[in-house]
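> Sequence:
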Amino acid sequence: MDYVGILKKAWNVTWRHKALWMFGFLAGSSGGSSYNTGSNYRSSSGDLSPQLSQQYSVFENWFAENLALLAVLVGLLVMVAIVFWVLSVMAHAALVHQVNEAEEGRPVSISAGFSAGFRYWGRTFLIFLALGLPILVLALLFVALMLVAIVPLAQAEGGGDALAALPLLCGGGIVVFVLLLVVGFVVGILQHLALRYAILEERPAFDAIGAAWGAMRSRFKDVLIMWLLMLAVGAGYGLATGLLAIVLVLPAVLLLFTGNIFGFLGLILVLAAIMVVPSAIWGAFISAAWTVFFRRLTGREIPAAAAAPWAPTAPPAPEPPAYPPPPPAYIPPPPPPPVYPVAGYEPPAPPEAPAEPAPDAPAEDSPESDA
19 MDYVGILKKA WNVTWRHKAL WMFGFLAGSS GGSSYNTGSN YRSSSGDLSP QLSQQYSVFE
79 NWFAENLALL AVLVGLLVMV AIVFWVLSVM AHAALVHQVN EAEEGRPVSI SAGFSAGFRY
139 WGRTFLIFLA LGLPILVLAL LFVALMLVAI VPLAQAEGGG DALAALPLLC GGGIVVFVLL
199 LVVGFVVGIL QHLALRYAIL EERPAFDAIG AAWGAMRSRF KDVLIMWLLM LAVGAGYGLA
259 TGLLAIVLVL PAVLLLFTGN IFGFLGLILV LAAIMVVPSA IWGAFISAAW TVFFRRLTGR
319 EIPAAAAAPW APTAPPAPEP PAYPPPPPAY IPPPPPPPVY PVAGYEPPAP PEAPAEPAPD
379 APAEDSPESD A
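Per the numbering used here, the very first residue in the sequence shown carries number 19; after that it's consecutive.
Hints may contain errors.
[Said to hold, decoys possible] What follows is a set of in silico ranges between Cβ atoms, one per label pair, in the way DEER data are often shown:
#	residue 1	residue 2	range
1	Thr276	Val200	25 to 35 Å
2	Pro334	Asp240	10 to 20 Å
3	Lys26	Ser236	23 to 33 Å
4	Val155	Pro222	20 to 30 Å
5	Val200	Met19	18 to 28 Å
6	Leu287	Met164	30 to 40 Å
7	Trp231	Leu95	36 to 46 Å
8	Glu219	Val90	18 to 28 Å
9	Met164	Ala291	29 to 39 Å
10	Lys36	Glu219	47 to 57 Å
These are computed hints drawn from the structure, not numbers from a lab.
Beta carbons are placed, not taken as given, at the ideal position from N, Cα and C, and that holds for glycine.
Input sequences plus hints: build the corresponding full structure.
Take a look at the structure:
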C-alpha cells in the first residue's frame, strides 16, 4: 500500500475543498484540548509588583460584586459547550461523508456536510460512547489506585506505612498507565475504522465496530503502519504549532509581567484566533487521510498503478482496400398505361375474302378435230 500516496491524496482533498476546514474545526472543538490561561496567584504584595497587585485587587472586587452575573455566564458557557459537543459529533460524520464524496467525484458543500453529519449523528455518538467506556473505566481505576496509595502516604508522615505504600503507588500506576496506552491505541484505530464502516457502508454502530475489529485483525500490519505514520505526522504538526504558539505567547507574557492584564488577555484571544486556521486544516486532514486509507483497505479505491498490469497496445487493424461502388440495382420501367377505346368508336370491318374463280367450261368437239 502506498502510504505516502495516501497522505498526498488526503492533503490534495483537504486543500482543494475548503468547506472541509469548518468541519475540521468543529470536530476538534470538543476534543478534550483546552487552554487554561488562569493561574493561582496569591494576593501577597511581596510576590507581585504594586501595579499588578492593584489590578488584581480590582478584578477580585469585581468578581465579588458580580457573582450573579458570573453564574449566568457559567451557565451560558455550559450551554455553549454542549452545543459545540453536538456539533463536534456531527462534524466527524460530515468529514467522513464529504471526503468520500470528493473521492467519488461528487460536489462537496457545507450544507451537504451538515445534512450528512446529522443523518449519521446517532451512529457516530454510539461508536464514541461504546469505545470510550473502556478508557473511562481505566482512567477511574488509575485515579482510585492513586488515591489508595496517596492517602496512606499523607497519613503515615514518613513512617513504615508510607514506604509500604510506595510499591503499590509505583507498580499499580505503571500497570494502569501501560493499559491506558494499549487500550487507547486499539480504541483509536477502532474508532477511525468503525466510523467509516457505519457511514460509508450504512452499518449500525455495533455492527460497524465488529467489522472494524475484523479488519484490524486481518490487516493489522497495514493498520499499524498507517497509525505510526499519522503519529509521526502529528508530532511534526505539534512541534510546528508549538513553536508558533511560543513566538506568539512571548509578547503576551511580557505584558503580563509588566502588569498589563487587559493587553495579556487581548493577545491570548488573538493567539486563539490565529491557531483556529491550522487546527481546522489539521482536523480535516486527519479525517481525509483515514478515509482514503479505508477506501484502499476495503477495495473501494484501487490505485491506478495497480489497477491492471500493463499490456502493449495492439496495432490498429489495416483498413480494407477501396473498391468501386457497386452499380445501382436494375429497376424495370413501369408498364405503359392501358389504351381504352374512345366512346362511339367502331372498329373497321374486316376485309372480305376474295371470291373464288369459277371453274372453266369443258370445250366442245369441233369438226376439224374429228377429221
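> For each hint, tell me whether it holds in the structure or not.
Cross-check of the supplied hints:
1. Thr276 x Val200: 25 to 35 Å: violated, 48 Å
2. Pro334 x Asp240: 10 to 20 Å: Check failed, 42 Å falls outside 10 to 20 Å.
3. Lys26 x Ser236: 23 to 33 Å: At roughly 26 Å between Cβ atoms, serine 236 and lysine 26 fall inside 23 to 33 Å, so the hint holds.
4. Val155 x Pro222: 20 to 30 Å: Taking Cβ atoms as reference, valine 155 and proline 222 lie about 24 Å apart, which means the hint holds.
5. Val200 x Met19: 18 to 28 Å: With Cβ atoms ~24 Å apart, the hint holds.
6. Leu287 x Met164: 30 to 40 Å: With a Cβ separation near 35 Å, leucine 287 and methionine 164 satisfy 30 to 40 Å, so the hint holds.
7. Trp231 x Leu95: 36 to 46 Å: holds, 38 Å
8. Glu219 x Val90: 18 to 28 Å: violated, 46 Å
9. Met164 x Ala291: 29 to 39 Å: holds, 37 Å
10. Lys36 x Glu219: 47 to 57 Å: violated, 28 Å
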